[in-house]
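Chemist: This is what each chain is made of:
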Amino acid sequence: MAKKQVNPTDEFIKGLWRDNPVFIQMLGLCPALAVSNTAINALAMGAATTFVLVMAGLSVSLLKNFIPREARIVSYICIIATFVTCVDYAIMAISIELHRALGAFIALIVVNCLILGRSEAFASKNKPHIAVMDGLGMGVGFTVALLFIGVVREVLGSGTLFGVDLFADGFQTWTVMVLPSGGFFAMAIWLLVVNWIRQRQEKADKQTSEQTGEAAS
Amino acid sequence: MNEPGYWSIFLNAALVNNFVLAYFLGICPFFGVSAKLETAVRMSGAVTFVMLVASTCAFGINLILEAINAPYLRIISYILVISSAVQLVEMLLRKLSPPTFKALGIFLPLITTNCAIFGLALFQTNKGYGFTQAIVYALGAAAGFALALVLMAGVREKLDLADVPSIFKGTAAALVVAGILSMGFMGFAGLGR
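Protein chains in written order, with my numbering: chain A, 6 to 222; chain B, 923 to 1115.
Read the hints as simulated data drawn from the structure, not as lab findings. Warning: the hint list may mix true and false statements.
[What the hints assert, rightly or not] Simulated crosslink set (DSS-like; lysine-lysine; CA at most 30 Å straight-line): (1) A:K132 to A:K69; (2) B:K1080 to B:K1091; (3) B:K1091 to A:K208; (4) A:K211 to B:K1091; (5) B:K958 to B:K1024; (6) A:K19 to B:K1091; (7) B:K1024 to B:K1080.
[To be verified] For each label pair, taking beta carbons as the anchor points, the in silico distance ranges come out as: (8) A:T87 to B:A1084: 45 to 53 Å; (9) B:T961 to A:A95: 36 to 44 Å; (10) A:K211 to B:G967: 39 to 47 Å; (11) A:N70 to B:A957: 34 to 42 Å; (12) A:R23 to B:D1085: 27 to 35 Å; (13) A:R205 to B:L1083: 23 to 31 Å; (14) B:V1011 to A:D170: 51 to 59 Å; (15) B:Y928 to A:R77: 37 to 45 Å; (16) B:A989 to A:T87: 18 to 26 Å; (17) B:G1076 to A:A126: 29 to 37 Å; (18) A:V198 to B:G1076: 22 to 30 Å.
Even glycine gets a Cβ: it sits at the ideal position worked out from N, Cα and C.
Assemble the whole structure, with the sequences as input and the hints as a guide.
Modeler: Next comes the structure, spelled out in structure tokens:
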């Protein structure tokens, strides 16, 4: 789809499902697993990453004619690191508790391969408004994926959702889901669901193409 | 906080707070390179090397940043200096010791901006380690990374032969294995302190 008219809405939507950064592309797994032990943390992390994705996409796309090819990765890293520093200090100003919960993982957004990947593969080749839509789509897709994992881990692990108790006193919490290994398990469960849906879709596509093939012959 | 000994720092970084299985740092290479045992071993060597370089750099930068009172430059200067230092050492290595370069070479650019490396630099600063402590911490983290990677590669080589349902194939199965490994490492909790 090299020269096809690029539709900004399409760029937004593809990040949600078809190219979902976490479940399909397997990018940015480190923060996705590390800070998804509660839904609130997952949401904050997703929002921070989305901000950096959008701003980095915008800046890279605006500066693409001024950045020499040889120095492009370094320039991208500089741009990303600047916005990450902004986010780091902003979160510290908004809620020191949240900053403590997320810890070093806010600073680690800078090495999230998702952001550098989108800057290099997409924003450096497209117009600013399309790059922003792509960043927004990827960011929202990332946030949704994080929320999915975070909700499973928080409901099973602490019996709460966004800090609100869900169950009566008799509920035995699955402590393992809050611990690091729970992150791997929750991610594996979602991955199974995604794989299952994709396989069904592929099967359905195959059937329809066979049917149309028969009709044509 | 009293000063922890070197041995306790090492054990803490390698086993109790294993970078891969407890902090989820360096997950990308962990799943990417752990399919074969031999690549896993070589990758671990490269990671050890880069971690030592990064730790030294981070210590130096932190001294300068504290002197000029500019902690907000930490993220940007860490990442730039670490990645350029690794590139510099890579060039030196190619010149001075071609066999080492051949063994580690292709992994170096891959792991320069890896979260495990960057996380190590940040953690050692947050913990306020001195120079030797920082080096021991880097060695411990690298040993932990190597242990996790090699264990994982061993399991995955066997897993390739197993007959698993098709939706489980690939990353999903690897994630479950990692989860179980991580549960095993929880048994080390309490060793360090």
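Chemist: Starting from the hint list further up, note which numbers the structure goes against and sort them upward.
Modeler: none
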